[in-house]
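Number of protein chains: 4
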Amino acid sequence: MTVQIGVIGAGMIGQDHIRRLTEVITGAAVTAVTDIDRARATEVASGKPVFCEKPLATTAEDGLRVMEAERAHGRRLVQVGFMRRFDAGYRQMKDVLTSGAVGTPLMVHCAHRNPTVPDSYVSAMTAQDTAVHEIDVLRWLLDDEISSVQVITPRATGKRFSHLKDPQIMLFETANGVRIDLEVFVNCQYGYDIQCETVGEDGLVRLPDPAAVGIRAAGLHGTAVPRDWKSRFGDAFDTEFREWIASIAAGAEPTGPSSWDGYAATVITDAAVQSLESGGRIITVDIKPRPAFYGAAS
Amino acid sequence: MTVQIGVIGAGMIGQDHIRRLTEVITGAAVTAVTDIDRARATEVASGKPVFCEKPLATTAEDGLRVMEAERAHGRRLVQVGFMRRFDAGYRQMKDVLTSGAVGTPLMVHCAHRNPTVPDSYVSAMTAQDTAVHEIDVLRWLLDDEISSVQVITPRATGKRFSHLKDPQIMLFETANGVRIDLEVFVNCQYGYDIQCETVGEDGLVRLPDPAAVGIRAAGLHGTAVPRDWKSRFGDAFDTEFREWIASIAAGAEPTGPSSWDGYAATVITDAAVQSLESGGRIITVDIKPRPAFYGAAS
Amino acid sequence: MTVQIGVIGAGMIGQDHIRRLTEVITGAAVTAVTDIDRARATEVASGKPVFCEKPLATTAEDGLRVMEAERAHGRRLVQVGFMRRFDAGYRQMKDVLTSGAVGTPLMVHCAHRNPTVPDSYVSAMTAQDTAVHEIDVLRWLLDDEISSVQVITPRATGKRFSHLKDPQIMLFETANGVRIDLEVFVNCQYGYDIQCETVGEDGLVRLPDPAAVGIRAAGLHGTAVPRDWKSRFGDAFDTEFREWIASIAAGAEPTGPSSWDGYAATVITDAAVQSLESGGRIITVDIKPRPAFYGAAS
Amino acid sequence: MTVQIGVIGAGMIGQDHIRRLTEVITGAAVTAVTDIDRARATEVASGKPVFCEKPLATTAEDGLRVMEAERAHGRRLVQVGFMRRFDAGYRQMKDVLTSGAVGTPLMVHCAHRNPTVPDSYVSAMTAQDTAVHEIDVLRWLLDDEISSVQVITPRATGKRFSHLKDPQIMLFETANGVRIDLEVFVNCQYGYDIQCETVGEDGLVRLPDPAAVGIRAAGLHGTAVPRDWKSRFGDAFDTEFREWIASIAAGAEPTGPSSWDGYAATVITDAAVQSLESGGRIITVDIKPRPAFYGAAS
Chain P
541 MTVQIGVIGA GMIGQDHIRR LTEVITGAAV TAVTDIDRAR ATEVASGKPV
591 FCEKPLATTA EDGLRVMEAE RAHGRRLVQV GFMRRFDAGY RQMKDVLTSG
641 AVGTPLMVHC AHRNPTVPDS YVSAMTAQDT AVHEIDVLRW LLDDEISSVQ
691 VITPRATGKR FSHLKDPQIM LFETANGVRI DLEVFVNCQY GYDIQCETVG
741 EDGLVRLPDP AAVGIRAAGL HGTAVPRDWK SRFGDAFDTE FREWIASIAA
791 GAEPTGPSSW DGYAATVITD AAVQSLESGG RIITVDIKPR PAFYGAAS
Chain X
541 MTVQIGVIGA GMIGQDHIRR LTEVITGAAV TAVTDIDRAR ATEVASGKPV
591 FCEKPLATTA EDGLRVMEAE RAHGRRLVQV GFMRRFDAGY RQMKDVLTSG
641 AVGTPLMVHC AHRNPTVPDS YVSAMTAQDT AVHEIDVLRW LLDDEISSVQ
691 VITPRATGKR FSHLKDPQIM LFETANGVRI DLEVFVNCQY GYDIQCETVG
741 EDGLVRLPDP AAVGIRAAGL HGTAVPRDWK SRFGDAFDTE FREWIASIAA
791 GAEPTGPSSW DGYAATVITD AAVQSLESGG RIITVDIKPR PAFYGAAS
Chain R
541 MTVQIGVIGA GMIGQDHIRR LTEVITGAAV TAVTDIDRAR ATEVASGKPV
591 FCEKPLATTA EDGLRVMEAE RAHGRRLVQV GFMRRFDAGY RQMKDVLTSG
641 AVGTPLMVHC AHRNPTVPDS YVSAMTAQDT AVHEIDVLRW LLDDEISSVQ
691 VITPRATGKR FSHLKDPQIM LFETANGVRI DLEVFVNCQY GYDIQCETVG
741 EDGLVRLPDP AAVGIRAAGL HGTAVPRDWK SRFGDAFDTE FREWIASIAA
791 GAEPTGPSSW DGYAATVITD AAVQSLESGG RIITVDIKPR PAFYGAAS
Chain F
541 MTVQIGVIGA GMIGQDHIRR LTEVITGAAV TAVTDIDRAR ATEVASGKPV
591 FCEKPLATTA EDGLRVMEAE RAHGRRLVQV GFMRRFDAGY RQMKDVLTSG
641 AVGTPLMVHC AHRNPTVPDS YVSAMTAQDT AVHEIDVLRW LLDDEISSVQ
691 VITPRATGKR FSHLKDPQIM LFETANGVRI DLEVFVNCQY GYDIQCETVG
741 EDGLVRLPDP AAVGIRAAGL HGTAVPRDWK SRFGDAFDTE FREWIASIAA
791 GAEPTGPSSW DGYAATVITD AAVQSLESGG RIITVDIKPR PAFYGAAS
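Note that the protein sequences, when read in sequence, are chains P, X, R and F.
When we follow our numbering, the leftmost residue of the first sequence carries the number 541, and every step to the right adds one.
When we follow our numbering, the leftmost residue of the second sequence carries the number 541, and every step to the right adds one.
When we follow our numbering, the leftmost residue of the third sequence carries the number 541, and every step to the right adds one.
When we follow our numbering, the leftmost residue of the fourth sequence carries the number 541, and every step to the right adds one.
It should be emphasised that the hints constitute simulated quantities derived from the structure, not laboratory data.
Just to be clear, a hint being listed does not mean it is correct.
The list makes no distinction among identical chains, and a pair is therefore deemed to hold if it is satisfied within one copy or across any two copies.
Calculated lysine-lysine pairs in the DSS-like style (CA-CA distance at most 30 Å, straight line) [as the list claims (entries may be wrong)]:
1) K588 to K699
2) K770 to K588
3) K634 to K770
4) K699 to K634
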């Protein structure tokens with residue numbers, strides 16, 4: 541059975557999704573593409589499964605409306621495009637945490653580094669477009685909710701457009717008291733580099749760097765750092781679609797990030813932007829109670 | 541367009557191929573499966589593209605007959621299932637060698653380790669079933685032909701069925717004078733472990749271990765070693781089929797290992813078995829001249 | 541020439557110093573040992589070179605008095621026992637930072653983990669006894685002064701004596717705007733583990749783990765984590781004394797951490813304790829202006 | 541007590557030894573230096589402890605005469621300068637092998653790479669001056685004797701003086717059937733690089749690379765490779781002398797490599813040179829029975 545897919549929005553990521561659904565993923569066919577971005581809640585109301593790139597909505601209120609439409613329908617229809625949950629390294633890390641091998645998590649140290657960003661990238665996007673990936677994947681890894689956020693700004697790099705605060709360090713606390721520090725540095729120059737280390741009561745688990753040949757030449761042992769997110773997370777994007785298509789083909793609800801997760805990410809990134817704009821105040825995250833409809837945190 | 545595929549032989553690897561073509565790879569459909577293994581040359585004669593698991597043939601003579609049938613047809617029809625050429629690490633290594641970053645290759649150090657083998661695995665299979673993967677991928681990596689082979693036998697492990705010579709060390713020389721040492725150890729107990737390091741005039745390039753989370757606990761920093769070839773080379777199998785299906789869909793000749801490569805592998809493994817059985821003599825590899833039909837070595 | 545050394549204080553570290561000066565370091569002899577800890581300022585006033593284990597003084601005021609006595613004498617007499625400046629890894633990191641290879645420093649991520657501490661270890665000691673090593677080495681690495689500190693407390697590990705806040709995260713800002721995050725976890729169970737990564741405008745430099753054999757067995761590639769600070773920093777302690785003895789033998793001023801550095805460390809650790817006890821307030825560090833006597837920061 | 545030391549031979553390594561004994565090692569003083577290299581057996585006959593740089597003797601016969609003189613004296617006087625036994629990595633490897641963690645050894649894979657050698661370095665020196673270090677350390681690591689050797693010559697690097705066969709691959713077999721392959725490449729250009737991996741029935745243990753900071757910049761994660769043997773084995777030289785001086789000060793026999801080990805190394809390197817000059821024949825090593833005087837192999 542081939543799953544028929546309509547694509548709304550054919551920008552950079554949309555085009556890459558179309559390529560992937562057509563050339564890489566089995567069991568799917570793109571049958572319609574439109575670049576008119578009508579309200580997503582309307583789509584959800586139509587009763588079809590929706591894969592929605594992040595952000596689910598640009599405001600928390602819009603996110604709540606998507607959830608209302610979905611609950612009116614009676615079953616989960618929406619999966620949000622947080623692909624890191626499908627990355628093999630993060631999945632191994634979750635397995636290790638679940639196994640208890642490193643004990644109860646206490647702290648997470650993260651870095652999200654990107655070589656450069658264009659002039660159109662503004663300071664709020666550090667949370668909204670970049671850190672949002674860690675926000676989602678950490679909620680999932682820890683099976684916990686983020687309760688406060690503080691954004692502090694180191695000395696800015698000279699290698700940025702001058703309006704941008706870069707790098708930024710984000711400090712999150714979770715409901716269970718786990719502390720997360722996240723460096724976001726979007727003009728780090730040297731490559732695309734994702735680091736994550738979870739420290740538990742008995743040990744720690746660290747995300748691997750991607751496998752790459754080691755070269756010894758001219759006095760140095762070197763391995764290449766990925767250039768961009770496409771090469772770093774290409775396999776995760778494949779797996780994300782493969783599992784989503786399989787869930788639809790099986791008539792099952794999607795198991796990936798839900799509209800609840802998309803809503804939570806929006807609330808948390810809003811709080812991060814508020815902290816940044818307030819000069820680094822600690823902002824309490826004001827998330828609604830989790831509806832039973834979305835199950836327990838996974 | 542969906543490529544219709546008939547599968548001949550539904551043993552362990554055949555069943556895994558069917559699963560992969562059905563569930564993982566886009567653009568292909570398995571439309572017939574038979575477990576009767578009729579002569580492959582007959583199949584080739586039918587004029588259809590053939591993906592043939594290694595070995596291409598159990599004797600060099602049979603391999604030559606396949607090539608004759610193929611040339612009679614006038615274009616390449618056969619691709620042999622040496623999946624390592626599709627592994628990301630080996631491909632990076634080939635790119636590095638081609639780039640000249642480590643200079644002209646002089647030596648290659650390899651290891652092929654497998655946790656255990658059953659009683660049915662006999663000493664000749666170390667070359668025929670196991671080392672054959674290195675034999676193919678090294679011919680391709682070095683763009684060179686293997687000219688002699690010597691098999692020496694270290695002290696045998698106690699953890700094997702007693703009829704088996706395990707481990708074995710194979711020493712190859714190429715037409716260009718490159719020396720290759722390959723440890724093959726099929727009862728190494730600890731995991732499935734593939735190592736390859738090419739040393740050139742200016743430096744070396746080393747195959748990476750698969751990416752895996754690092755865990756610190758109980759006084760140790762540890763990463764998991766793969767358990768078996770399925771987990772180690774799963775992505776390579778995917779890529780192998782994806783590119784083969786794409787070449788068929790495009791009406792092009794396959795670009796993977798040819799029947800020539802399958803024939804060469806058979807001749808070289810035959811020589812290795814002969815060296816083993818002779819107590820370690822250096823055996824000259826007697827490969828026919830490469831027909832122009834199969835192009836220059838790639 | 542053999543340098544004659546009197547040792548005041550023969551506790552755990554004092555005894556290890558005596559052993560090292562006697563058995564490991566050439567050109568030195570311990571000629572007197574007393575366990576009566578008279579005022580250090582008095583010793584300095586006597587006009588002899590002094591190697592003083594950290595802390596230089598238990599209060600900032602006492603530290604200032606040591607400096608006054610030293611300046612009255614007219615030349616540097618005191619070296620404080622911050623041994624990390626003599627560790628090969630930190631020295632390499634300083635060389636890299638000085639070379640400009642990673643650009644202007646913007647952030648430093650650190651971790652200081654210790655397997656367990658006894659009941660006598662109280663929460664203030666996390667700054668005073670443990671983090672003080674990072675405080676000194678980071679001032680030296682960055683050639684910069686720490687201007688504020690904030691201590692936040694993650695969920696506490698269950699594997700501690702209940703009076704202790706463990707782990708703690710310390711956030712420092714420097715005069716130049718560099719942001720430092722330091723995890724201090726003194727009951728981490730798994731080993732003694734020191735991590736430090738400095739991120740600059742063009743790249744980063746990371747402290748190596750100590751060299752240790754890699755072992756592959758039972759499905760795992762593992763390397764041992766050091767058990768304690770003695771094995772991790774044994775070579776640094778050797779180098780510290782060797783260079784100090786050499787400076788005395790040469791009649792030169794010591795080049796290691798000065799009484800100024802000891803004073804600064806006390807002021808900063810006091811601020812950290814104040815932040816901890818205040819529930820995580822940001823505390824401005826109130827260091828006096830650096831006297832010209834102690835030169836520019838190194 | 542200070543051990544008085546006379547140095548015979550003040551060439552490159554001799555001068556470095558004098559520096560080390562004077563500036564680094566405690567408890568020793570160099571009290572006489574002569575550059576006249578009289579017969580070493582004479583020195584041994586005088587009844588004083590002798591630290592003899594490798595080679596113990598330039599012929600096996602001279603080595604036997606040293607042993608006769610030593611036995612006539614009635615106790616061990618000679619320690620030969622094979623410093624690798626004092627390297628922390630090799631010592632860890634020996635501990636792992638002794639512990640049984642990787643099972644009975646079956647194979648060892650080694651590489652000894654040096655950036656360049658001068659015109660005066662001739663092909664026989666690959667065994668005599670370079671591989672001799674592996675020959676000694678492997679006998680000690682495995683607690684086993686080398687029984688045959690074969691030297692094969694890959695395609696030569698263009699980056700050498702034309703009279704030199706470089707690289708060379710040496711294949712050793714031990715009395716217990718362990719197989720060792722050793723790449724010796726003395727013009728590898730990129731640095732000084734020592735690799736050693738012992739494969740046992742249950743796993744393997746690998747020598748670590750020296751600890752060095754990791755740098756991420758310009759798309760690469762890099763660590764420096766040592767430039768030369770002085771930086772790679774500096775600590776091993778220190779430890780070698782420290783333990784030797786301590787054994788003398790204690791009036792004990794030296795525990796390092798004995799004149800028996802020096803003799804064995806000479807016989808084995810002679811066999812390697814013979815194999816090289818014969819075009820790669822397998823040469824049986826003709827070592828005399830080990831005298832009880834030198835104890836069991838350690």
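Hint-by-hint comparison with the structure:
1. K588 to K699: neither (45 Å within a copy, 50 Å between copies)
2. K770 to K588: Intra 28 Å, inter 36 Å, cutoff 30 Å: intra-copy only.
3. K634 to K770: both (22 Å within a copy, 22 Å between copies)
4. K699 to K634: between (35 Å within a copy, 22 Å between copies)
Comparing the model with each numbered hint stated earlier shows that hint 1 is the single one that does not hold.
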